[in-house]
Amino acid sequence: MNRDYATYALRRVLQAIVVILLAYVFTFVVISVLPGDPVSAVLNNPQNAFTQDQIRDIIAYYGLDQPVYVQLWESLSRFVTGDLGLSLRTHLPVSRMIGEVLPSTLALAAAALAVALVLALAIALGTRYLPRRYGQGVLRAFPSLFLSMPNFVIGLVLIQVFAFQLGLFRVIDSEGSWATFFAAVALGIPVSAQVAEVLVANLDHESRQDYAFLARSRGLGKTRLFLRHLLKPSALPVVTVLALVVGELLGGAVITEQIFGRTGIGSLVQRSVTAQDLPVLQAVVSLAAVAFVVVNLLADLVYPLLDPRVRLLPERRRAEVAA
Amino acid sequence: MQTPRVRPPGRITRLIAGLAAVVVLAACAPGTANTGSGSGQPKPGGDITFLIDSLGDTWIPNNSSISSFQGHIWGHVTDKLVYVDDKGAVSPWIAERWEQNADATEFTLHLKQGVTFSDGTPLDAAAVLANLDIWAKGDTARGINPIGLFPKTYDHAQVVDPATVKVFFRAPTLGFIPTLGYHGSILISPKTLALPADQQADLSNDIGSGPFVVASWKEGDSVVLKKRADYNWGPPALGHQGPAYLDSITYKLVAEPSVRTAAVQSGQADVAYNPSPQELASFKAQGFTTATPRYLGFVNGYAINTKVAPFDDIRVRQALQHGINRDEIISTVYTPDWLPAKSFIQSNVPGVTDHSADFAYDEATANRLLDEAGWVRGADGVRAKDGKQLALTLFPNPYLATSKSIDELVAQQLGRIGFKVTLQAFDVVTYSSRVDKPGNPNVPAYEITRSFIDAGTVAGVLTDANKGENWFGLGQSDPELVRLGAAVAGAKTVADRDAALDQLQGHVLRQGYFVPLTQIVQRIYLQSPKLQGVTYNGIAYASYYTAWLG
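Order-wise, the sequence lines are chains H and F.
Take the position in the first sequence, starting the count at 1, then add 284; the result is the number in this note's numbering.
Take the position in the second sequence, starting the count at 1, then add 447; the result is the number in this note's numbering.
Hints are all accurate, no fakes.
Derived pair list, reagent style DMTMM-like, types lysine to aspartate or glutamate, alpha-carbon separation capped at 20 Å:
no., chain 1, residue 1, chain 2, residue 2
1, F, K673, H, D457
2, F, K914, F, E927
3, F, K665, H, E384
4, F, K599, H, D337
5, F, K584, H, D337
6, F, K559, F, E543
Part of the chain H face toward chain F, derived, beta carbon under 10 Å:
no., residue
7, D341
8, R380
9, S388
10, F448
11, V455
12, G545
13, R546
14, S551
Simulated from the structure, these hints should not be mistaken for lab results.
For every residue, glycine included, the Cβ atom is placed at its ideal position computed from N, Cα and C.
Required output: the full structure, derived from the provided sequences and hints.
Below, the structure written as structure tokens:
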């Protein structure tokens, strides 16, 4: 098993490296194909009124007059040594720019994930234990309700009510704990919908299984049945969903950060895309690739712990089993 | 592993969700406005928050000083040699007085003594020399841009004594002194100017001599400025000396316009930048202060490329001018705070005269001109000649938020006189490569939004004489335009230049080279009524040096 794990882990790490390099090159190619670059955009701002000679000199300073493959090679050779280069937009080191905003995004994503899980669990519990006359059916409609609410609408409503009407937090103190909490709610609600849908559907499925009937007939209480027997198998697909929503948390963060005036990877990407700031975008895409690969790896490693039927088999034995 | 079964949301559920969202939004209409009034007497102390839609890109001083966003911070952290007010009047600041020779090719600046940068370096003749050189030439080998509108005739400067600098030009440059009050001409410590570009890009390293210093900053998030206690060299024109009244100014990026304005309405912030023009009347009615200062520069309008058919025909260009109803633009897209254009230069620029009769809205004249030019209306109302439709593509200027709405309205108006107008809207980056510059052969009508301090700038853009920008694609084929441009650029006295400038405006407009729309307001402010004493300079930036909280 240990040797299998080692081979498995090594293969996954190699895959990850290939994925990251491909993401890096792909971003470069896609952005290079687009017309324009941030340096010329600034130079061509009509307010600047530069002469053609001045523009040519400055473009040459950034190496943007070089053929694309030369630029790619230079960028790639820096990247493999861990140098992310300078932003074409701000002229600051890319590593510093990402380092400044990453903690804020991680805090927001973690808080949003917690909100999503708590909400999803509450909905799932409610659909089991809330008596029908108190709105069990309504609760079942919540996931689709949440999914149909865009997170910028949720964000704006939360800000209106809790910041401007109730004065619970100040928009300008966007990193404060209440501000972070409400940003996490805005970001977490649509995510909770996906988790809740899967959880509710699986709870329904599991509770109809023979073992659940058996447990109930043996007089097992509702809570014990839920915690001991139903939750664990129902949570299994949730792990897969969680690995997938990491992308959504990062993507949703772009809008949530903008609405709540937070700085973070999302808002950095938004500014960089607008300016076609290639070095920053390459670094962020690579970082996202790393995050995605790591999270999915973790999900795969958690699986066997939740479900004893899942085993890591070497390819040879897997082939035998399949046969 | 089993596939989770997920029920698709039903139609009823979606309906409920939609209704719920509408009800919640309706219940959350902005609350009552804070209408506190000030005492009328300046008093020290207090902190303000300015919500801004962007904090721009790099902070390398030369590369960022003309940014519509970063200019706010530079205006408080740095000083300039002269002050230019919203009427274009030039008055002393760090330069206490100045002289020039009869040809306007040599200028002597006498500097105020005892002025220091916040790093302790004296703001003396050597520091001014270092700044003049970097504004004029930049340092492209280090990634430092020059200041685009700095006179290209600059030759060199020399230190006469610690309080005197002499500046030499290769040709008469009457615009030099006013340009020292331009938002690009910010005085930066020589220690900062000596740093490599990536260190200048860190705002904490950028040292000025202004009434505020940078206390902290975070890229794309905020800049916090703190008052400099020993500041004592503000522009005398502002009527205030000594340090600023306010203790601090926080510039905070809030990209969402409704959040910016609601934050000011709820008292959480003091100023919101760039609210939508259509909302201004309602803010005023609620007791808030709004400001729509006009900068000195070109009006908003189209520079017509005369090399692109059918705009090589003067009658078609003139029809464009007469086919546009500027009052309708102001009443539809803007508010009465905006003014129609009277020339192709803003009316507050010294020396600018009223030429509105040359391009007044008159559909009958526009139709007659197009008839005379042989453009015949078809059944669909679109004119055609030799099988070709009278078509015009407009490229809304992404640097101006209202540009697309204006172009849509212009498209309707020109449709009435038989034009078929299409719009192609691009983001800033795509625009800069596809539309590029005035005179681009693919762009018949280039939308201008540009500030400048001195009318001398005008001569440098109209033709390609002296590496000019050649806005109308004419090169030097119009001898009258070349002659008048040279007369404006080379004038040795203001009286000579004003006379030439009046003729130049008349010529450009009568030839239909430029189609003016409205006078431009690029910076709009919504402000708490508690904040008082704010001033706006010639480039329409708000200064809080003289401001206080009532």
